[in-house]
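Engineer: Spelled out from the first residue to the last, the chains are:
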Amino acid sequence: MIEIRIHGRGGQGAVTTGQIMAIAAFYDNKQSQTFPMFGVERSGAPVQAFARISDEKINIRSQIYNPDIVIVLDASLLETVDVTSGLKEKGTLIINTNKKPSDLNINRNFNIRTVDATSIALKIFGRPIVNTPMLGAFSKITKEISLNSLTKAIDETFLKTKGKKIAELNKKAITAVYNQTK
Amino acid sequence: MKKVIEASTAVALGVKLCEPGVIPMYPITPQTHIVERLADYINDGLLSSEMIHVESEHSAISAALGAEAMGVRTFTATASQGLALMHEILFVVAGMRLPVVMAVANRALSAPINIWNDHQDSISERDSGWIQLYVESAQEALDTIIQAYKIAENRKVLLPVMVCLDGFTLSHVYEPVDILKQEDVNKFLPQYNPLFKLDPKKPITMGPIGFPNTYMEFRKQTHDTMLDSINIIKDVNNQFKESFNRSYGNGLIETYKIEDANYAIAAMGTACSTTRVVVDELRKQGKKVGLIKIKSFRPFPKQEIISCCKNIKGIAVIDRNISLGNEGALYTELRSAFYNQNKKPIIKGFIAGLGGRDITPDHIKTAFKKIENSSDTEWLL
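First to last, the sequence lines map onto chains A and B.
With our numbering applied, the first sequence covers 214 to 395.
With our numbering applied, the second sequence covers 92 to 472.
Calculated directly from the structure, the hints in this document are not laboratory data.
Be aware that a few hints might be false.
To be verified - Reference excerpt, derived from the structure (chain A facing chain B, CB under 10 Å, subset only): (1) V228; (2) G231; (3) I236; (4) Q244; (5) S245; (6) I271; (7) I273; (8) R274; (9) F323; (10) F338; (11) A366; (12) E369.
As the list claims (entries may be wrong) - Cut-off 25 Å, straight-line C-alpha distance, at most; resulting in silico cross-link-like pairs (SDA-like, lysine to any residue): (13) A/K356 / A/P249; (14) B/K378 / A/P249; (15) A/K375 / B/N134; (16) A/K373 / B/K461; (17) A/K270 / B/K272; (18) B/K378 / B/K461; (19) A/K270 / B/K348; (20) A/K373 / B/N134; (21) B/K94 / B/I143; (22) A/K365 / B/K378.
Predicted model only: the values in this text are computed from it and were never measured.
Here a beta-carbon is modelled for each residue, glycine too, at the ideal position from N, C-alpha and C.
Please take these sequences and the hints and turn them into a complete structure.
Structural biologist: Put into structure tokens, the structure is as follows:
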């Protein structure tokens, strides 16, 4: 089982990131679970969401304290939130930023990966929507979920509620980030 | 069909499959997603229930009472202060023998104000005459809603049922859920055919005064029915298994690795899921420990619990509630159940997970270690 923590700001869609991740993992024939940091959401305030992906049924229902992977949707959080808190030794830290990992001054034994999802989102959506695009980076780096399942999960989440156009843009953005991620 | 959905959506889908005629609703965290989904289904023409948007929880349960008295299947949902506000009418619904089904997304009671999970809200309604079933997964939530109507509407029962799911800790979790087919649910749960109903063409009085010469008989009747419902709950669980190939223990309790265990952890709701993980871990260390999940808190399945504890030396009881000035409610009930037994296990009470405090595997492990020692209530902070 791998445990994932997603950091974002209220309104950025960290909870949706977890949902689409869990749906995609299930399409990949894995078991999954996702939940938000329980509480009162305020726009712009730091928020967290959590996910678990496993080959076996997931029973544990406590919160996640020692994630294997941390995703940061907004690099400005690095200044105020300890995004590496509890991250396992050699754990993966995926950050949305135009900086290189070596420029972030996180001098710990983590697998730090950066991707400039904001620039890609601005080109595709015309707005800095990064919560779904970052899943492209997650898929490429961790191989825990496939790109194909991600696009299916996008359809399941957005087709009915937001329409075909939004779903297609999200898929385009995820694929672009996937391709750009090394 | 299996899909990753929120547990609140699973509850709403369970309700949709039972097609209640009337759904009075009033929002309160962390229950709101349930009635929001139901409002969506009604708006989208997927559910033909009449939605009554009331001004308080007292009105929500009163409207449910009225609709159910008219012979209509009814649903509502609430939590915490909302359930407390319903308190007065809960007893009336049960006393009038109206089979209302209600979901409770368990949340702490004020003060201090707290929107997070514990079981204080529904435990405080223990004596209201409602059957109380506690679930630990989104799947169990969906399945139990359907079972709840079949239990409640059974003419040997005719009592309301509360389906209790941990607020946030379960209500806001997305996980894979098998969504039952409407035609299969229709076969399992027949249309509601009330024994009595309010009808201008055939007037009757419901809920009149009970003088001292009859009131106690009514109370005893309701109590006896509650005890008899133990068998109906078991039956419904068995029928559900036949229809859908899924069941939850015997419907009242569910055990895990208890057969050869010397020690047991007893809990309700999502703490049971985490306990399963701890049981597996302790078993690897050679500890003979198992889980007793109490699904039905009312009626309290004394005999079923005693029967599964024949070789148990000690039970650690995890209570997500506290009867201030005494102890956790499940601890009280369990000790009382064993009082007349010749062979009694050591039973220790642990208060945990109040007001959204996370119950971790370490808490459960600590509780396990302590059942081998003394026997006072302790707090897991």
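Engineer: Going back to the hint list, which numbers does this structure go against?
Structural biologist: Of the numbered hints, 9, 10, 14, 16, 21, 22 do not hold.
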